[in-house]
Amino acid sequence: MTTVQSEPTRRLPRAQRREQILEAATRAFARGGFAKTGLDAIAAEAGVTPVILYRHFASKADLYREVIESGHTRLREATGGQEFDDASIPAFIRAAAADPDAFRLLYRHAAREAEFRDVIDTLIEGSAEITGRYLADIADQRWRGWAARLLPTITIDAVIAWLDAGQPDPDEAATRIRSIVDAVIAAASAQ
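Per numbering that gives the first Met the number 0, the sequence shown starts with residue 0, numbered consecutively.
It cannot be assumed that every hint is accurate.
Unchecked claim - Here are the in silico distance ranges between beta carbons for each label pair:
(1) ARG177 - GLN140: 20 to 28 Å
(2) THR121 - GLU171: 25 to 33 Å
(3) ALA34 - GLY165: 24 to 32 Å
For the record, the hints were derived by calculation from the structure and aren't laboratory data. None of these values were measured; they are calculated from a predicted model. Backbone N, C-alpha and C fix where the C-beta goes; we use that ideal spot for every residue, glycine too.
Build out the structure end to end from the sequences listed, making use of the hints.
Structure, rendered in structure tokens:
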């Protein structure tokens with residue numbers, strides 16, 4: 000009698016397995032958010048057992064927080080992160096298109112999760128600070144602050160709407176979003 004041996008499951012290096020789990024968790028959390036996504040579903044998405052998942056992450060909350068922070072890091076690196084200029088909106092759109100699950104997770108789901116709101120608040124505050132530097136020409140500090148807080152929110156919502164619309168022409172999307180940004184700047188600058 001001949002026995003057929005299946006190929007043994009390939010054991011990945013720890014860092015590679017962890018990245019595999021993070022990518023699967025990003026997809027799963029982007030679909031259902033924190034509350035509606037179980038670790039068993041994430042393990043299945045990653046092609047690992049729950050035991051393997053727990054070897055890398057102590058809890059679902061730890062995994063979620065790392066997914067959020069990892070997504071933010073990738074987004075910041077893709078957009079340049081520290082300046083707001085004419086290239087910022089097209090770069091933001093390209094980053095969202097390259098990783099729509101992470102973008103939606105960060106700005107749609109995590110923003111509504113009370114337990115993780117601190118991470119999103121830090122992101123928004125950082126964006127407002129960067130935008131505020133760009134708006135230094137607005138004389139009235141109150142309106143400059145208003146625009147600095149409003150512009151990241153409007154831009155994020157516009158990019159999510161663009162993703163949800165099927166990602167029509169990204170250059171046209173950047174032009175349209177830029178026109179909204181310019182309108183807010185004009186409103187804040189009005190005497």
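Checklist entry - Honestly, which of those hints from before does the structure not fit? => result Hints that this structure does not satisfy do not exist here, as all of them hold.
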